[in-house]
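Position chain B relative to chain A; hints supplied.
2 protein chains.
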Amino acid sequence: MKKFMNTAETMVAESVEGFVRAHEEFVAFGVDRKCIRRRHLVPGKVAIISGGGAGHEPMHIGFVGRGMLDAACVGHIFTSPTPSQIISAIEETDTGAGCLLVVKNYDGDVMNFEMAAEMAAGRHSVEMVLTCDDVETVRASDGRGRRGVAGTLITERLLGAAAERGAPLAELKAIGDSLSPRIRSMGVALTGVAVPHTQRTTFALGSNEIEMGVGIHGEPGHSREPFASADTIVRYLSEAIVNDISQATDKALLFVNGLGGTPPAELYLAYNTAHRILAEHGLHIERSLVGTYATSLDMQGLSVTLAFLNDEEFSLWDSPIATAALRWGC
Amino acid sequence: MKKFMNTAETMVAESVEGFVRAHEEFVAFGVDRKCIRRRHLVPGKVAIISGGGAGHEPMHIGFVGRGMLDAACVGHIFTSPTPSQIISAIEETDTGAGCLLVVKNYDGDVMNFEMAAEMAAGRHSVEMVLTCDDVETVRASDGRGRRGVAGTLITERLLGAAAERGAPLAELKAIGDSLSPRIRSMGVALTGVAVPHTQRTTFALGSNEIEMGVGIHGEPGHSREPFASADTIVRYLSEAIVNDISQATDKALLFVNGLGGTPPAELYLAYNTAHRILAEHGLHIERSLVGTYATSLDMQGLSVTLAFLNDEEFSLWDSPIATAALRWGC
Chain A
12 MKKFMNTAET MVAESVEGFV RAHEEFVAFG VDRKCIRRRH LVPGKVAIIS GGGAGHEPMH
72 IGFVGRGMLD AACVGHIFTS PTPSQIISAI EETDTGAGCL LVVKNYDGDV MNFEMAAEMA
132 AGRHSVEMVL TCDDVETVRA SDGRGRRGVA GTLITERLLG AAAERGAPLA ELKAIGDSLS
192 PRIRSMGVAL TGVAVPHTQR TTFALGSNEI EMGVGIHGEP GHSREPFASA DTIVRYLSEA
252 IVNDISQATD KALLFVNGLG GTPPAELYLA YNTAHRILAE HGLHIERSLV GTYATSLDMQ
312 GLSVTLAFLN DEEFSLWDSP IATAALRWGC
Chain B
12 MKKFMNTAET MVAESVEGFV RAHEEFVAFG VDRKCIRRRH LVPGKVAIIS GGGAGHEPMH
72 IGFVGRGMLD AACVGHIFTS PTPSQIISAI EETDTGAGCL LVVKNYDGDV MNFEMAAEMA
132 AGRHSVEMVL TCDDVETVRA SDGRGRRGVA GTLITERLLG AAAERGAPLA ELKAIGDSLS
192 PRIRSMGVAL TGVAVPHTQR TTFALGSNEI EMGVGIHGEP GHSREPFASA DTIVRYLSEA
252 IVNDISQATD KALLFVNGLG GTPPAELYLA YNTAHRILAE HGLHIERSLV GTYATSLDMQ
312 GLSVTLAFLN DEEFSLWDSP IATAALRWGC
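Listed in order, the protein sequences are those of chains A and B. Under our numbering, the residue at position 12 of the first sequence is numbered 23, and the numbers go up by one with no gaps. Under our numbering, the residue at position 121 of the second sequence is numbered 132, and the numbers go up by one with no gaps.
Derived from the structure by calculation, the hints contain no laboratory data. One thing to keep in mind: the hints can contain errors.
All copies of an identical chain are treated as equivalent in the list; a pair is satisfied when it fits inside any one copy or across any two copies.
[Unchecked claim] Dumping the calculated EDC-like pairs for lysine to aspartate or glutamate here, alpha-carbon to alpha-carbon at most 16 Å:
hint : residue 1 : residue 2
1    : LYS262    : GLU291
2    : LYS184    : GLU138
3    : LYS262    : GLU220
4    : LYS262    : ASP322
5    : LYS184    : GLU125
Please read these numbers as outputs of a predicted model, since none were measured by experiment.
Next up, chain A with everything else stripped away, as it sits in the complex (with noise of 0.2 Å):
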């Protein structure tokens, strides 16, 4: 396992300080270093937090800034931010018209985001509003639901735009939770991951084989598969999509993400394939989003992500945004 890293105890806070350092127009350290948070808050607006495990970089990091995120809490690898972190970046950015928080829906996360929130009910507005767009079924069957992933993205950038156009925190709660059915997930893995603190890795794969349905934290997946060709790999993953989809009209945003080791060529040529294959089904994708923003370390991989959005939606996701990740017209 070859990384660049120093040590496994410092790897995270040694990168992330070296995102500060590149970012400073947008981003700045929360006191203790506790969150990142956006230099510039804007009086008045809801503050919109989120945060997870390290090891998705630039999720939610690069997410900070004008039009998307006010504050995201780093955890350790895969493990979420602790209560005490959330509560700090609440602090520091509810303005006066109370924080949302968009939560990856983990156990982990959904504990320590619920329990931040509780303990600061009685100086602050919060709510929260749980991601789960992974089409992965297996927890959803157990009563946990789905898996939040790279999907997470486009509800942080959709309720970010809000927020700055001044919508309320109820308003953004209900924006949220309505575009939790409509956006969809899934993921292939070629390689496995290792945690560098533990040396495990969670799955291992032959040279011939993939993992069908992984997620963000090197889960396993529900299938292994041949390696096949990437009309075979994302036609799986396209479908399977379009056929979990509810409230599915004909106007989507497809967003292709490398999952850390995958070069932009690769997911091109996935995305010109999902393209392709989503036209099939009468699918007009109306914007586009290929690159690697939601990881899972250095594996080799690629998620493919579809939004039914109306408008109103596609005109957020249009309006200025500044941050590390996502910068357009500003």
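Frame of chain A, contents of chain B only:
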């Protein structure tokens, strides 16, 4: 070798098609798909044209758009585009003020771009700037000069910005030539890469080896070293650059580039290390760029680039840009 592809023969064409589809707001195919061109040309502006082999994406196609390139020509993997492609790009983008070709210093690229320039000379004013930022000096000693690698991005950006401000062809040629001794890069590989068409790996690394001084075409570097900490590796690269660069002032742009298979978190950690080491050498990092911009297929590795710029050049760097890979101010 697992990649997202269908056939080795079609992978470049499929990937580029995906790219154009995903970024229709900026780019379009030229006639017969010989080049990728800026969708909206600016009449009277000097056209900036680049290109090279495929396998380096987003370089150069991701740099086509306002404030950078007017066209990019893509060859086969690690193979120069043909003179016919380059002539086509010249014909499509010259709106009367001439064309500047920005060419990475590799024999095949130089030969084909020179041939195209000669063949177009009767009908178009054409100048050429060679980029040669690689510290690796084996080639330099045999008279062919340094290779052009990731630092090419900086030259293309500054020339694109200057062209957008109305600089005439002769001035752009002078700016490009003046940048050459002030931009230096050096790369390291944790893994080799194999070209899909030939299945050949130019060098293979053991689980405890790294290759220092690699280019972006899978060329071996100048020394095989034992795997080491990020501090050790990045110090080696950074100090090689600092010791090599001529005309050094104390204000620089620091660019940490992923070679395709390295995730953002590791790049930010390497950036943090480079920033600290360069500060020890009295350098002020005025601008930063961290990400995967000039790749060598899916190689795990990175390069460090340092560009010593003046205030006017920093201002060019900051000016509005709207391309797939770099976007700010508009």
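**OP:** State whether the alpha carbon distance between LYS184 and GLU125 is at most 16 Å within one copy, between copies, both, or neither.
**Re:** within (15 Å within a copy, 59 Å between copies)
**OP:** Indicate which option fits the pair LYS262, GLU291 if close means a Cα-Cα distance not exceeding 16 Å: within, between, both or neither.
**Re:** Only inside one copy: LYS262 and GLU291 sit 14 Å apart there, 53 Å across copies, limit 16 Å.
**OP:** Tell me, please, which holds for LYS262 and GLU220 at an alpha-carbon limit of 16 Å: within, between, both or neither?
**Re:** neither (34 Å within a copy, 49 Å between copies)
Subject >> Alpha-carbon proximity context of LYS262 and ASP322, limit 16 Å >> reply: within (9 Å within a copy, 46 Å between copies)
**OP:** Check LYS184 against GLU138 for me: Cα-Cα at most 16 Å, and say if that holds within a copy, between copies, both or neither.
**Re:** within (7 Å within a copy, 57 Å between copies)
In this structure, only the earlier hint numbered 3 is contradicted, and the remaining ones agree with it.
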